[in-house]
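Based on the provided sequences and hints, a complete structural model is requested.
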Amino acid sequence: MFRTRFAPSPTGYMHIGNLRTALYAFLLARKHHGTFILRIEDTDQTRNVPEAVDAIYKSLALAGITYDEGPDKDGGRGPYVQSQRLPIYKKYAEQLIASGDAYYCFCKKEAQPDNEESPGIAEQKRDPCRYLTVEQVAARFAEGITPVIRQRIPNQGSTTFVDHVYGEITVENTQLDDQVLLKSDGFPTYNFANVVDDHLMEITHVIRGQEYLSSTPKYNLLYQAFGWQIPEYVHLPLILREDGAKLSKRAGDPSFEDLVQMGFLPEAIVNYVALLGWNPGDEREIFTMEELIEAFDIERINKSSAAFSLEKLTWLNGEHIRRLDPQKFHELALKYYPEGVRHLNLEKISRLIQIRIERFTEIPTMVKFLYELPDYDAALFENPKSKSTLQSSREILQEVIPLLESMQEWTNESLFTALKVFAEAHGYKIGTVMWPIRTALSGQFASPGGATELADLLGKDETLRRLKIGLAKLQL
RNA sequence: GCCCCCAUGGUCUAGUGGUUAGGACACAGCCCUUUCAAGGCUAUAACUCGAGUUCGAGUCUCGAUGGGGGCACCA
Numbered sequence: 001m002f003r004t005r006f007a008p009s010p011t012g013y014m015h016i017g018n019l020r021t022a023l024y025a026f027l028l029a030r031k032h033h034g035t036f037i038l039r040i041e042d043t044d045q046t047r048n049v050p051e052a053v054d055a056i057y058k059s060l061a062l063a064g065i066t067y068d069e070g071p072d073k074d075g076g077r078g079p080y081v082q083s084q085r086l087p088i089y090k091k092y093a094e095q096l097i098a099s100g101d102a103y104y105c106f107c108k109k110e111a112q113p114d115n116e117e118s119p120g121i122a123e124q125k126r127d128p129c130r131y132l133t134v135e136q137v138a139a140r141f142a143e144g145i146t147p148v149i150r151q152r153i154p155n156q157g158s159t160t161f162v163d164h165v166y167g168e169i170t171v172e173n174t175q176l177d178d179q180v181l182l183k184s185d186g187f188p189t190y191n192f193a194n195v196v197d198d199h200l201m202e203i204t205h206v207i208r209g210q211e212y213l214s215s216t217p218k219y220n221l222l223y224q225a226f227g228w229q230i231p232e233y234v235h236l237p238l239i240l241r242e243d244g245a246k247l248s249k250r251a252g253d254p255s256f257e258d259l260v261q262m263g264f265l266p267e268a269i270v271n272y273v274a275l276l277g278w279n280p281g282d283e284r285e286i287f288t289m290e291e292l293i294e295a296f297d298i299e300r301i302n303k304s305s306a307a308f309s310l311e312k313l314t315w316l317n318g319e320h321i322r323r324l325d326p327q328k329f330h331e332l333a334l335k336y337y338p339e340g341v342r343h344l345n346l347e348k349i350s351r352l353i354q355i356r357i358e359r360f361t362e363i364p365t366m367v368k369f370l371y372e373l374p375d376y377d378a379a380l381f382e383n384p385k386s387k388s389t390l391q392s393s394r395e396i397l398q399e400v401i402p403l404l405e406s407m408q409e410w411t412n413e414s415l416f417t418a419l420k421v422f423a424e425a426h427g428y429k430i431g432t433v434m435w436p437i438r439t440a441l442s443g444q445f446a447s448p449g450g451a452t453e454l455a456d457l458l459g460k461d462e463t464l465r466r467l468k469i470g471l472a473k474l475q476l
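Residue numbers 1 to 476, in the working numbering, belong to the letters of the first sequence in order.
This list has only true hints and no planted wrong ones.
Label-pair ranges, simulated between beta-carbon atoms: (1) Glu168 with Gly100: 25 to 33 Å; (2) Phe445 with Asp68: 47 to 55 Å; (3) Glu299 with Tyr371: 48 to 56 Å; (4) Asn279 with Asp68: 25 to 33 Å; (5) Asp243 with Gly281: 27 to 35 Å; (6) Glu242 with Glu409: 49 to 57 Å; (7) Gly281 with Arg323: 21 to 29 Å; (8) Val49 with Ser305: 22 to 30 Å; (9) Lys312 with Asn155: 46 to 54 Å; (10) Pro50 with Lys246: 20 to 28 Å; (11) Arg323 with Ser414: 29 to 37 Å.
Hints are computed from structural coordinates only; laboratory data are not their basis. The beta-carbon is built from N, C-alpha and C at its ideal position, and this holds for glycine as well.
Next comes the structure, spelled out in structure tokens:
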């Protein structure tokens with residue numbers, strides 16, 4: 001039975017790294033028909049952000065990551081919010097005191113020895129409170145000092161564990177510090193809560209960022225002190241920026257929500273993030289969530305960190321957009337259409353742009369010419385590729401305007417047929433005829449849709465108006 | 001400072017002792033085409049370095065270098 005969990009702290013938004021951690025834990029559980037659990041790690045009272053839990057629910061839902069147990073989905077092993085589990089941590093911390101695997105520490109925060117500058121010799125850096133006698137402890141309590149509870153790390157030996165990604169890792173116990181388990185405010189630290197909760201919630205596979213790799217031996221010592229079974233570990237490589245720096249919200253790196261805001265499809269972001277540090281073993285790159293569940297395998301997770309490339313995400317997003325059902329695409333595109341274009345046939349516009357955009361936010365710019373003809377230069381009518389010159393363009397527009405004015409049926413097909421016949425009759429290449437029309441209709445070097453598609457979209461009156469403007473530019 | 005981890009093109013990666021080192025993004029060119037996009041084809045581009053082991057090393061060992069992570073009453 002697989003039980004995995006995603007345990008974010010409520011910061012208000014979903015980091016890309018967190019999203020991937022959640023995704024992998026979710027995929028592993030789903031792949032094995034196990035249980036995926038959401039747990040809120042709000043043990044830092046100074047960093048709680050209101051509404052942040054709602055943001056987590058929203059982001060997970062948006063990403064398509066559903067959980068079976070969580071704060072709002074009781075699975076019998078709750079509560080699933082750590083701030084609601086305080087008595088549990090207290091009980092287990094005291095159990096450790098009783099067994100000698102933890103001790104009360106009465107030091108002020110500032111009085112702690114500075115590990116970063118002292119050599120790694122246990123006896124020198126161990127907290128003095130570690131050696132307090134029962135009487136001394138009682139005396140300090142009598143003084144009214146509220147202690148913290150620290151883990152008592154053995155001064156000898158080493159701790160070894162096997163990680164599914166990184167393999168076997170051994171650390172000398174002297175390198176481990178007597179970390180705080182229970183803070184003076186009665187809250188546990190992550191270092192303690194994760195062990196207690198993962199055990200109580202019967203987590204079989206702990207999936208988390210690589211930053212916890214070096215703390216894991218301490219957790220194992222805790223599991224051993226309790227006599228609990230140590231879970232399987234899957235530590236994930238970091239996600240960096242392309243310049244090699246750490247991905248950070250503060251440095252302006254987008255969160256999952258930001259990316260959605262930037263016009264990316266949640267499923268494309270999920271797909272992209274899945275590939276950051278994992279690959280299916282074949283050459284597929286485009287995945288739906290179902291396909292990810294089927295293909296996912298923790299043994300194929302990479303060890304080295306990966307850089308987040310907005311460029312590649314953009315490409316992948318384009319792929320997902322093109323695969324969208326046209327009706328679905330239209331619904332999603334709707335809110336990006338500017339006012340000026342709303343009198344036109346939006347379904348038709350959607351069909352034209354679906355294959356041309358990579359992000360939804362490109363839409364306003366792409367359709368702007370439809371309601372506001374750009375002030376373009378006559379030189380645009382020249383194009384060697386279609387054998388268009390100012391002269392050919394002028395001649396064609398002159399002849400094509402009356403032809404189009406006489407059209408009874410105004411559709412893409414009828415227009416195309418008429419112009420094709422025209423081109424053949426006059427010995428023009430089709431492109432030579434289409435270029436000046438398309439140019440006059442769009443006022444741009446490139447446009448979503450060819451000459452007749454634009455004409456169809458704009459309607460007869462607007463088409464003729466624009467063709468005449470184009471002709472006027474050529475007659476100056 | 002100490003400990004741990006990592007190392008294939010600019011980026012994401014395949015590779016598990018014998019390969020012309022494969023794919024994708026980006027870039028350039030060509031084809032297709034009613035412009036652009038999409039699609040198709042082609043090109044440029046990589047095993048960090050040094051010792052070993054071996055008939056043979058991107059793949060194994062050691063070292064160096066580089067990068068990252070940890071050493072909080074943060075997670």
